[in-house]
Each structure stands twice: as C-alpha cells, then as structure tokens.
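K.L.:
Sequence:
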Amino acid sequence: MTVEGTVYLDHAGTTALDPKVLEAMVPYFTQYFGNPSSVHSVGQEARYALDESRERVAQVLHCRAREVVFTGGGTESDNAAIHGVATALRETGNHIITSSVEHHAVLHACQYLESQGFEITYVPVDADGMVQPESVYNAINERTTLVSIMYGNNEIGTINPISEIAKSVKKRAAELSRTIVFHTDAVQAAGYLSLDVAELGVDLLSLSGHKFHGPKGTGVLYIKRGIPYLPLIHGGGQERERRSGTENIPGIIGFSLALEAANAVREKTGAHCAGLRDLIVESVLERIPGSKLNGHPTQRLPNNANFSFTGIEGEPILLGLDMAGIAASSGSACSSGSLEPSHVLLALGQSAETARGSLRLTLGRDNTEEEVEYLMGVLVELVQRLRQLPSLTTAGP
Numbered sequence: 001m002t003v004e005g006t007v008y009l010d011h012a013g014t015t016a017l018d019p020k021v022l023e024a025m026v027p028y029f030t031q032y033f034g035n036p037s038s039v040h041s042v043g044q045e046a047r048y049a050l051d052e053s054r055e056r057v058a059q060v061l062h063c064r065a066r067e068v069v070f071t072g073g074g075t076e077s078d079n080a081a082i083h084g085v086a087t088a089l090r091e092t093g094n095h096i097i098t099s100s101v102e103h104h105a106v107l108h109a110c111q112y113l114e115s116q117g118f119e120i121t122y123v124p125v126d127a128d129g130m131v132q133p134e135s136v137y138n139a140i141n142e143r144t145t146l147v148s149i150m151y152g153n154n155e156i157g158t159i160n161p162i163s164e165i166a167k168s169v170k171k172r173a174a175e176l177s178r179t180i181v182f183h184t185d186a187v188q189a190a191g192y193l194s195l196d197v198a199e200l201g202v203d204l205l206s207l208s209g210h211k212f213h214g215p216k217g218t219g220v221l222y223i224k225r226g227i228p229y230l231p232l233i234h235g236g237g238q239e240r241e242r243r244s245g246t247e248n249i250p251g252i253i254g255f256s257l258a259l260e261a262a263n264a265v266r267e268k269t270g271a272h273c274a275g276l277r278d279l280i281v282e283s284v285l286e287r288i289p290g291s292k293l294n295g296h297p298t299q300r301l302p303n304n305a306n307f308s309f310t311g312i313e314g315e316p317i318l319l320g321l322d323m324a325g326i327a328a329s330s331g332s333a334c335s336s337g338s339l340e341p342s343h344v345l346l347a348l349g350q351s352a353e354t355a356r357g358s359l360r361l362t363l364g365r366d367n368t369e370e371e372v373e374y375l376m377g378v379l380v381e382l383v384q385r386l387r388q389l390p391s392l393t394t395a396g397p
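Numbering-wise, the working numbering puts 101 at position 101 of the sequence shown, and it's gapless, one number per residue.
By construction, these hints were calculated from the structure, which means they are not laboratory data. Any given hint could turn out to be false.
[Unchecked claim] FRET-style restraints, in silico, Cβ to Cβ:
| no. | residue 1 | residue 2 | range |
| --- | --- | --- | --- |
| 1 | T30 | D51 | 47 to 55 Å |
| 2 | A264 | Q299 | 40 to 48 Å |
| 3 | L389 | E91 | 25 to 33 Å |
| 4 | G117 | V265 | 26 to 34 Å |
| 5 | N35 | G349 | 30 to 38 Å |
| 6 | P27 | G226 | 21 to 29 Å |
[Claimed, not checked] Below, in silico cross-link-like pairs of lysine-lysine (DSSO-like), each with a Cα-Cα straight-line distance of 30 Å or less:
| no. | residue 1 | residue 2 |
| --- | --- | --- |
| 7 | K224 | K171 |
| 8 | K20 | K167 |
| 9 | K292 | K20 |
| 10 | K170 | K216 |
| 11 | K216 | K167 |
| 12 | K216 | K171 |
| 13 | K268 | K292 |
A virtual CB, placed ideally from N, CA and C, is assigned to each residue, including glycine.
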C-alpha cells in the first residue's frame, strides 16, 4: 500500500481505515447519535445498528451473537479474557499457562496476576517459534484454570496449531475432572485465517479492528456461553454486564463491516500477500549474505516476513528504509520505541545482539510486485552500506 509516496510494509502494526467503512460510520457520529440503552426512538436506532453489527461479527466467528462482546481494542480483549477467567475461577485454582512469545497484552496481564499470587507457566516454543500441543498438555496441573496461546505471532508470523492445542487442553481437563478455559489472541489472524471458533475449539478469542482496515480503538472478545467470567470494567452493565460503558456505535459498525469484508476475501488476500512474501524471502536469502528468516518457513501468516541480519542492529535499517520511503518495523508496534531485544527472538534461542536487529515486513492487499522490487534494491544496498560502518554493527549471532 502506497501512502503519499511511501511503500507501506507495516500492516501488522496498523492498517488504513477502508473508505467504505468510514462512509458507513459517519452518520452514526451525527445523524444517528443515540445511546443504545435509551428507550426512545433515537436510542433504538443506535440499538438496531448495535444488534446488526453483533450479528455480523457472529457470522464470521460462527458463534451466537450474545457471545460477542465489543471492547476498546485487542489489548483490552486480552486483558479482559485473562483477568476475567482467572478471577472467576480463583477458588478452584491459581495456575495459568501461556507461551513465552505472546503479545505484551497477554504477558503483562499474566505478570500482573503473578504479583497477585497467581502461578504462571510460560511454555517454551521450538526453533520456529511454534507452541507444541504436548508442551501445553504437560504443563497443565490440578490447579490450572486458564490457557492462553496466540493464533498467529505478531512479530515472526508463526501460526500455532490452535485446534490441536485446544484438544490437548480439553483432554487434560477431562482427565483431571476440572474446568480449564482456553483463550487465543487472534489479532493478527483476522483477514488471513479462519476465525471459526467451533473449528478452533477455543472458549475465548480476541480481535482488534485496526488490523483489518477497521477503526482504531475497537475490538471484540468472544466468550463462549457458560464460560466463568468476571468483567474487567464495571458500570452500567452494557454488553450483558461483561463490559460496561456506553457502546461506541460508529466504531462497532466500522469493526463489524471491516471484519466481514476482510473475511470475505481472506483467501484472495492471503494468496496475494503470500506470493509477495515468498518473493521477498527468496530475494533476501539469496541476495543478502548473513540473513536469516525468523519463524516457521511455511506455517506462517501469509503477509509476514521477519529477518535477522548478522552484524547489524535493527534501528539503522528502519531509518534507512524510511529515508527511502519504505515503512517497516522491527517487531511489535506497541514496543517499537524500546531498545530491549525482542522477547520473541530471545525465546527462539537467538542472542540479545541478534534479537535487537530484526526487520519485520508485513504486507497488505494493495502492495505490488513493483514495490517489492523497489524494496529489495534499497535493502540490499542499505545492508551492504551499514556493514561498512563499525559503529552500527553488533557482535552478531
């Protein structure tokens, strides 16, 4: 996607709001501005739009509409899932399982609960960043109440076998005769992978609108009927008392329409992005010595390519690309200002020096082969130039 002359390759960070989605949202800022909790006709117009949006999301997830909870974004959805289940089931156990490569919205929520007396197990990943079902199964004990494993990794793109992990969780829960809830952060998967919650076997699932051309500040938490849950936000009892606060009707409409549109063309978009991604991977590995693809070689999000380059830090690469009109990132946009090495790459066994030097290129529906060719011409020359500057090199892997 080109933005005012910029080749935009940071779609995992955020995406542009779809103009058609914006057009549908605008009337609900001014003309249909009612509070959906009001009984008068102005409020009921908003209530109808809210109900329609919930049905739209439910169709994508293949769930009941009442199982869809609208939130303020993916981070809130992750926090609500983890806090909501952990506190609801605290009398039955205080053990939570997650992975070492989760988004910070999950990791920091777990770390907070750890400070409150919960026990957290961070299961390791293999060299490709994948969580193995047996690792989760073996980590479950008689105090486990919640397992949270992400669907597609936001940094390296590795896709976890969520349905197999869900089966292992349910099998172990049955063996121990206890309730163990399974949550997945599916923020990066939307628009590229199936979100059918029945096929995935999940009890909770988190989404964020701005990752698939919806508005920022919007999200969804799917909560399967009957799952023990206590709300993170208290107040007026909206969202069936699971998320209080007057609903953001324009944002919810935008979220639902963007999700519906992205899901309708996800196979086409995925094939388009995968073709460009494979071209980038092949070109980088062939033309840049000392380059390494991070993440699973095939079981990865179709729009994600993440590399490490021997002897070079990530920041000068990003700055050099930006000067050439190419927007990329070194990992999670939520922590891009940090000088700390990527916790994901550290979990893969990389050194701290290498983990500071990754380049994440994430494609979108509007990127072109010509943009990839331009990227490669710039990147090859940039890496060569940076390697000739000792002050910008690292000790390497």
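K.L.:
For every hint, state whether the structure bears it out.
P.N.:
Outcome of the hint check:
no. : hint                    : result
1   : T30 / D51: 47 to 55 Å   : violated (21 Å)
2   : A264 / Q299: 40 to 48 Å : violated (24 Å)
3   : L389 / E91: 25 to 33 Å  : violated (59 Å)
4   : G117 / V265: 26 to 34 Å : violated (46 Å)
5   : N35 / G349: 30 to 38 Å  : violated (53 Å)
6   : P27 / G226: 21 to 29 Å  : violated (37 Å)
7   : K224 / K171             : holds (18 Å)
8   : K20 / K167              : violated (39 Å)
9   : K292 / K20              : violated (39 Å)
10  : K170 / K216             : violated (34 Å)
11  : K216 / K167             : violated (33 Å)
12  : K216 / K171             : violated (38 Å)
13  : K268 / K292             : holds (28 Å)
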